[in-house]
Amino acid sequence: MTRIKTALIAAAALFAVSGTAFAQAGLNDLEIAHAAYTADIIDIGYAKIALAKSHNADIRAFAELMIRDHTAVNEGAAALLAKLKVTAQDNAFSKALLAGAATKTTELNALDGAAFDRAYAANELGYHQTVNKIVGETWIPAVKNAEVKSFLEQALVTFKVHEEHANHMVGMLK
Amino acid sequence: MSRIIPIIIVTCLCASPLLAQTVHQVDIKTFAFVPATISAAVGDIIEWTNHDFAPHTATGDGWSTGELKYDATGRYIVSVAGVVVYHCAYHPHMTGTITVTEAK
Chain Z
1 MTRIKTALIA AAALFAVSGT AFAQAGLNDL EIAHAAYTAD IIDIGYAKIA LAKSHNADIR
61 AFAELMIRDH TAVNEGAAAL LAKLKVTAQD NAFSKALLAG AATKTTELNA LDGAAFDRAY
121 AANELGYHQT VNKIVGETWI PAVKNAEVKS FLEQALVTFK VHEEHANHMV GMLK
Chain F
1 MSRIIPIIIV TCLCASPLLA QTVHQVDIKT FAFVPATISA AVGDIIEWTN HDFAPHTATG
61 DGWSTGELKY DATGRYIVSV AGVVVYHCAY HPHMTGTITV TEAK
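Quick note, the sequences are listed as chains Z and F, same order.
Under my numbering, residues 1 to 174 are what the first sequence spells out, in order.
Under my numbering, residues 1 to 104 are what the second sequence spells out, in order.
There could be a bad hint or two in this list.
Unchecked claim - So the derived label-pair ranges between C-beta atoms look like this:
1. 109/Z <-> 35/F: 44 to 50 Å
2. 36/F <-> 61/Z: 22 to 28 Å
3. 41/F <-> 105/Z: 52 to 58 Å
4. 92/Z <-> 83/F: 53 to 59 Å
5. 109/Z <-> 41/F: 53 to 59 Å
6. 138/Z <-> 22/F: 43 to 49 Å
7. 79/Z <-> 66/F: 18 to 24 Å
8. 174/Z <-> 29/F: 32 to 38 Å
9. 92/Z <-> 45/F: 49 to 55 Å
10. 80/Z <-> 23/F: 26 to 32 Å
11. 73/F <-> 57/Z: 28 to 34 Å
Simulated from the structure, these hints should not be mistaken for laboratory data.
For every residue, glycine included, the Cβ atom is placed at its ideal position computed from N, Cα and C.
Generate coordinates for the entire structure from the input sequences, incorporating the hints supplied.
Written out as structure tokens, the structure reads:
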């Protein structure tokens, strides 16, 4: 039963993001930069909820890792944009990401204890799977600027490590 | 006076323990220590440079470089012969090994 619940939660998490996936094609470099930055901010927000609600040491360590790594990636993005003397551009996909995150945040805030831990872990897995697919299969091939492309490639390495970690965490909480 | 200066310089160089130290460079990139395995002698310096955006550490039993942000460098002087295993405190799957021999 727990396994089924976890699968449903993971599917819901995936849907929350993939429902917006149709809007992510055709972005220019600066829109992609904005969307990537937004995706980082959203995951930092989820981690802050986990630190406020969870007493599970593994969940808390993962949440701290998300804050540390995604903050560092966004600092790297800001430095690159400053170097290129450009500004990231808000766009429909960034807005859709934020709308999906608002819904997910409400869901997570309604849960406590082990149910919260499972939901957070499943959401992290689904979120990273979806974002990694978009970054790897759509954004990196589409980006024109070589430095932005290189930045996304390195960011994707980080996010894939997170995905593996989240997958391990979901398995532990079954 | 001019005779004294060269003598002082030679004395200082001979007395400096730094002359015997070798600095071994280890890169941290794409969530791995490169090279993952190195050999060093007691007194040598191991220097890690983080090329990832994600912060990392090189942490062993009783020592750590502390947090290394992007492009930051941290050092550790190996003091005992043997095999030193270390890892990143933030990403424990990242591991490295230093095989330490007696001082040269």
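Worksheet entry | Violated hints, by number in ascending order, as checked against the structure | Of the numbered hints, all hold.
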